[in-house]
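**Q** Kindly produce the complete structure, drawing on both the sequences and the hints.
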Amino acid sequence: MTPFNFLLVLVSEISATVGQIFFKHAMGKSADGMNLRSLVGGIAFMTLSFFVWIALLSKFDLSYLFPFDGLNRIIVVVGASVFLKEKPTPRIWLGVALISVGVMIVSATD
Amino acid sequence: MSTDTSSPAITTESESAPARHPGWFFNPYVQLAVSTLLTASSHVFLKKGSHVLASDAWFGWAALSSPWTWAGIAAMVTSLFSWLYALRFVALNIAFNLAAILHALVPLCGWLFLHETIGLKRGLGIALVVSGVLVIAQAAYEAEEKL
Numbered sequence: 001m002t003p004f005n006f007l008l009v010l011v012s013e014i015s016a017t018v019g020q021i022f023f024k025h026a027m028g029k030s031a032d033g034m035n036l037r038s039l040v041g042g043i044a045f046m047t048l049s050f051f052v053w054i055a056l057l058s059k060f061d062l063s064y065l066f067p068f069d070g071l072n073r074i075i076v077v078v079g080a081s082v083f084l085k086e087k088p089t090p091r092i093w094l095g096v097a098l099i100s101v102g103v104m105i106v107s108a109t110d
Numbered sequence: 111m112s113t114d115t116s117s118p119a120i121t122t123e124s125e126s127a128p129a130r131h132p133g134w135f136f137n138p139y140v141q142l143a144v145s146t147l148l149t150a151s152s153h154v155f156l157k158k159g160s161h162v163l164a165s166d167a168w169f170g171w172a173a174l175s176s177p178w179t180w181a182g183i184a185a186m187v188t189s190l191f192s193w194l195y196a197l198r199f200v201a202l203n204i205a206f207n208l209a210a211i212l213h214a215l216v217p218l219c220g221w222l223f224l225h226e227t228i229g230l231k232r233g234l235g236i237a238l239v240v241s242g243v244l245v246i247a248q249a250a251y252e253a254e255e256k257l
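Sequences listed follow chains A and B, in order.
Going letter by letter, the first sequence gives residues 1 to 110 in the numbering used here.
Going letter by letter, the second sequence gives residues 111 to 257 in the numbering used here.
Hint data in this document are derived by calculation from the structure and do not stem from the laboratory.
Since we're looking at a predicted model, the values are computed, not measured.
Some clues are possibly wrong.
Claimed, not checked - Each computed DSBU-like pair below joins lysine-lysine, with the alpha-carbon atoms no more than 35 Å apart:
| no. | chain 1 | residue 1 | chain 2 | residue 2 |
| --- | --- | --- | --- | --- |
| 1 | A | Lys24 | B | Lys158 |
| 2 | A | Lys87 | B | Lys256 |
| 3 | A | Lys87 | A | Lys24 |
| 4 | A | Lys24 | A | Lys85 |
| 5 | B | Lys256 | A | Lys24 |
| 6 | B | Lys158 | B | Lys231 |
| 7 | B | Lys158 | A | Lys85 |
| 8 | A | Lys87 | B | Lys231 |
| 9 | B | Lys231 | A | Lys59 |
| 10 | A | Lys59 | A | Lys24 |
| 11 | B | Lys256 | A | Lys59 |
**A** Here's what the structure looks like:
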């Protein structure tokens with residue numbers, strides 16, 4: 001995988017994660033309906049993620065590309081520790097390590 | 111793009127008991143299976159639809175000209191409904207671990223329906239990713255339980 005395509009993978013995965021956060025915010029806790037602005041923001045990020053993902057699908061095998069979707073968990077872990085100051089537990093680090101090594105091995109089969 | 115474990119899941123005690131479902135089709139576990147299979151097939155459909163794209167495309171909107179892409183979108187949207195329905199009844203750990211199973215199921219579908227070659231190396235990498243996603247899913251479930 002070229003650096004540019006890997007960048008596209010990151011764009012797709014990060015915008016999917018950001019979209020999820022927008023959706024969660026849009027649904028909120030209040031009973032008085034949902035936050036429309038967050039909903040539109042969520043849809044925008046999800047749309048970006050979706051079409052970038054399709055462009056990547058056109059270039060790679062599905063069985064090659066899908067493991068990269070596991071990076072999503074790593075983005076959530078990193079995001080939670082940076083923005084929410086959550087300390088990942090050793091087990092979460094183990095999961096991050098397994099996914100990282102797995103994706104690296106898959107990426108060598110292009 | 112898989113159904114994400116980070117999405118909010120609301121289960122209340124009153125709803126968690128699978129009381130009466132109108133027929134087997136509305137059994138939440140059947141719907142979980144339906145959701146998983148629909149998600150996997152949506153990726154197969156989207157892959158088929160992506161063939162119409164130019165090789166240097168980075169934003170695949172032109173794939174909307176393929177009926178496969180629309181089939182993929184339909185499968186994805188339907189799977190979301192099954193997923194949200196099932197989450198009203200099913201424990202969160204099952205939902206979390208299901209996302210991990212998809213990481214095995216989707217490459218399997220690539221081999222089965224798209225005739226992709228999965229060698230030893232790629233198979234090993236996929237297995238590591240699946241185990242990593244499983245480990246994080248279980249850690250996330252236990253963190254959720256403590257709340």
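**Q** Against this structure, judge whether each hint is valid.
**A** Right, here's what the structure says about each hint:
1. A/Lys24 with B/Lys158: Answer holds: A/Lys24 to B/Lys158 is near 31 Å, not above 35 Å.
2. A/Lys87 with B/Lys256: Answer holds: A/Lys87 to B/Lys256 is near 15 Å, not above 35 Å.
3. A/Lys87 with A/Lys24: 22 Å, holds
4. A/Lys24 with A/Lys85: 19 Å, holds
5. B/Lys256 with A/Lys24: Holds, because 20 Å separates the two Cα atoms, which is no more than 35 Å.
6. B/Lys158 with B/Lys231: 24 Å, holds
7. B/Lys158 with A/Lys85: Given pair B/Lys158, A/Lys85 is violated - Cα atoms ~41 Å apart, limit 35 Å.
8. A/Lys87 with B/Lys231: It holds: about 33 Å lies between the C-alpha atoms, which stays within 35 Å.
9. B/Lys231 with A/Lys59: 20 Å, holds
10. A/Lys59 with A/Lys24: 32 Å, holds
11. B/Lys256 with A/Lys59: 43 Å, violated
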